[in-house]
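Chains as they are written, first to last, in our numbering: chain A, 1 to 324; chain B, 1 to 297.
Treat the hints with care, as some may be off.
[Claimed, not checked] Computed footprint of chain B on chain A; a stretch qualifies when at least three of its residues, placed anywhere within it, have a C-beta under 8 Å from a C-beta of chain B: (1) 42-56; (2) 282-289; (3) 303-316.
[What the hints assert, rightly or not] Taking beta-carbon pairs under 7 Å as the criterion, some of the chain A residues facing chain B (in silico): (4) A37; (5) S69; (6) T70; (7) A278.
FYI, nobody ran anything at the bench for these hints, they're computed from the structure. Glycine included, every Cβ here is placed at the ideal spot set by N, Cα and C.
Given next are the chains, with one letter for each unit.
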Amino acid sequence: MAALTDQIALTRDRASARKTPGGLGDSLFRAASYGAAFLVLLVLAGILASIAYGAWPAFQQFGFGFITSTVWNIGQEQYGGLVAIVGTLASAVLALLIGVPLSLGIAIYLTQLCPGWARKPVSMTIELLASVPSIIYGMWGLFVFAPLFARFVQVPVSNLVEGMPIVGTLFYARVPSGVGILTAGIILAIMIVPFVASITRDMLDQIPTVLRESAYGIGCTTWEVVRHVLVPQASVSIIGAIMLGLGRALGETMAVTFVIGNANRLSGSVFDPGSTIASRIANEFNEADGLQLNSLMALGCILFVITFFVLIIARLLTRRAKVA
Amino acid sequence: MDAANPLATTAAPARVSRVRSGRRIADRALILASTIATLVGIVVLGSILFMLVVEGIQGFSPTLFTAPTPGPGSEGGGIANAILGSLVMTLLAILVATPVGVMAGTFLAEYGRNSKVADVIRFLNDILLSAPSILIGLFVYTLMVRPMGSYSGWAGAVALAIIATPVIVRTTEDMLRLVPSTLREAGAALGAPPSIVIKSITWRGASAGIVTGIILALARIAGETAPLLFTALNNNSWFAPNLMGGVPNLPVMIYQFALSPYANWQQLAWAGALLITVTILALSIVARFVIKTERSR
Chain A
1 MAALTDQIAL
11 TRDRASARKT
21 PGGLGDSLFR
31 AASYGAAFLV
41 LLVLAGILAS
51 IAYGAWPAFQ
61 QFGFGFITST
71 VWNIGQEQYG
81 GLVAIVGTLA
91 SAVLALLIGV
101 PLSLGIAIYL
111 TQLCPGWARK
121 PVSMTIELLA
131 SVPSIIYGMW
141 GLFVFAPLFA
151 RFVQVPVSNL
161 VEGMPIVGTL
171 FYARVPSGVG
181 ILTAGIILAI
191 MIVPFVASIT
201 RDMLDQIPTV
211 LRESAYGIGC
221 TTWEVVRHVL
231 VPQASVSIIG
241 AIMLGLGRAL
251 GETMAVTFVI
261 GNANRLSGSV
271 FDPGSTIASR
281 IANEFNEADG
291 LQLNSLMALG
301 CILFVITFFV
311 LIIARLLTRR
321 AKVA
Chain B
1 MDAANPLATT
11 AAPARVSRVR
21 SGRRIADRAL
31 ILASTIATLV
41 GIVVLGSILF
51 MLVVEGIQGF
61 SPTLFTAPTP
71 GPGSEGGGIA
81 NAILGSLVMT
91 LLAILVATPV
101 GVMAGTFLAE
111 YGRNSKVADV
121 IRFLNDILLS
131 APSILIGLFV
141 YTLMVRPMGS
151 YSGWAGAVAL
161 AIIATPVIVR
171 TTEDMLRLVP
181 STLREAGAAL
191 GAPPSIVIKS
201 ITWRGASAGI
211 VTGIILALAR
221 IAGETAPLLF
231 TALNNNSWFA
241 PNLMGGVPNL
251 PVMIYQFALS
261 PYANWQQLAW
271 AGALLITVTI
281 LALSIVARFV
291 IKTERSR
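Hey, can you work out the whole structure from these sequences and the hints?
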């Protein structure tokens, strides 16, 4: 009898020992997993902290005027970010104006019109556009697109609108070289297309086929199905995808540096060269020191804040979209 | 239109004459516009590849892979130092990013799951995934280049690792979530502790997907230029074995040489551009192929 209870007690001991199996190795693994996850948090905080630290002297020196001033004079140590900020926003907005219709068109083509055999190859081609490095887009923009753009768009349009009010300023190229804010916007538009198009395509695919079929069944045309059935269903995710594209366009560096012309001038024309925050940093950072370096950091800080908010809105709207 | 795509199951039924012309025009316009949009995308990719092949192929010669980049004004030369520098930094970055990314992804899919902490980290990881890469360059400059007093391959590798990590975190989590929880329960029922369940059941089940994430991350960082500008910079000779000082690399070499006035530099830039783009596109296609076979299993 005693032997039996002893044995039961022993088994119980072993069982309780087995409740936390693994021991040290298990807790180490767990700790490593937690640690790696917090590292992600730490890096993001570190990025903000280091840029804000570098930017502090510039903000202290120029105050709020840094955002509203157009001066960027290295000799006199006077720096203002307005030209770069406007250039960043303008090129990104142009990218959306051109890129969003393109992306929606591609998504509609892929989900509604494309013959079955062509779907995969066409999808893949569009997605591969996302893999092309941005510097290659820059070279393509500068050496292939810009000359064509100057010859077939800038020169004829400038001649056409010259002297007209408003349009005459907006679309007049003083030097039709092909580079400028609009060229940057077009290249950025092409770069955001694969992201916006593939998310939109996935969202349209998720809409139950029954909805679409019933719309066709009551005699709707493809346009009416898209306009009144598909777009209302997917609109929130599509706006999220567009914001994601906006986030990319705002921070894109190399492609823009090649084609924007890198001028510190506030111009009324989309054909004129300008600069963005990212292109200004890429061009000047390595030769900068002192207050110029702090001012470039301050521009970086502004870029961080803008893109951070855009990306937060984008992620809240899309939630779990596909890996880019 | 219907005759052109007999396989499309969802295309509009044959139009009857009773459709008002306004409706029909709107419909035709949509079909035309979206077809054109798709053609634009395809033509741009084709045009980029055509440009790279036409300009870059002449630069391919044995010296391209054996000689270092030439100095200003000197003839000939290759890009061997830039290729090696890029390889070293990219591999170092992946060596750092893989354990961190896989472990963080494991936390999100296994330990954290639906907790608040995991939600926040998942969200911030998604932000980091799309953060402008030039800002990561500024961060690493402040963190490493300034205190060390010199540009270095280490700084370049850290910058690239920061870009690669969120990609690996994201794909690892997504792939681990595809592993059925019955497998984990079966492992736990045998008495295996969580770490053993994760290592020999979930990781093994999702291995192809995790590898895909690593390849995608590799494709992403191989062409990154902006974060290397202020960290590794560039250099027209072989780099020091301790990776201190400027370390030559393909993207920054392409940037500097493409905009230079020397014909042989431009030629080398085109050859480098062709090499890097073909490599990256091949990596992306391989990654897609692996992920597809994994999902269909």
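Legend entry - Satisfaction of the A278 (chain A) interface hint, Cβ to chain B closer than 7 Å: This interface hint holds because 5 Å falls under the 7 Å limit.
Inset, instruction - Tell me if chain B covers the stretch 282-289 of chain A under the three-residue, 8 Å CB rule, please? - result: holds (count 3)
Legend entry - Hint validity - T70 (chain A) Cβ closer than 7 Å to any chain B Cβ: violated, 22 Å
Legend entry - 8 Å C-beta test of the stretch 42-56 of chain A against chain B, three or more residues: holds (count 8)
Inset, instruction - Return the status of the interface hint for A37 (chain A): holds when the least beta-carbon distance to chain B is below 7 Å, violated otherwise. - result: holds, 4 Å
Inset, instruction - Grab the minimum C-beta distance from S69 (chain A) to chain B and call the hint holds if it beats 7 Å, violated otherwise. - result: violated, 22 Å
Inset, instruction - Check, residue by residue, whether the stretch 303-316 of chain A contains three or more positions whose beta-carbon lies closer than 8 Å to a beta-carbon of chain B, and give the verdict. - result: holds (count 8)
Of the numbered hints listed earlier, those contradicted by the structure are 5 and 6.
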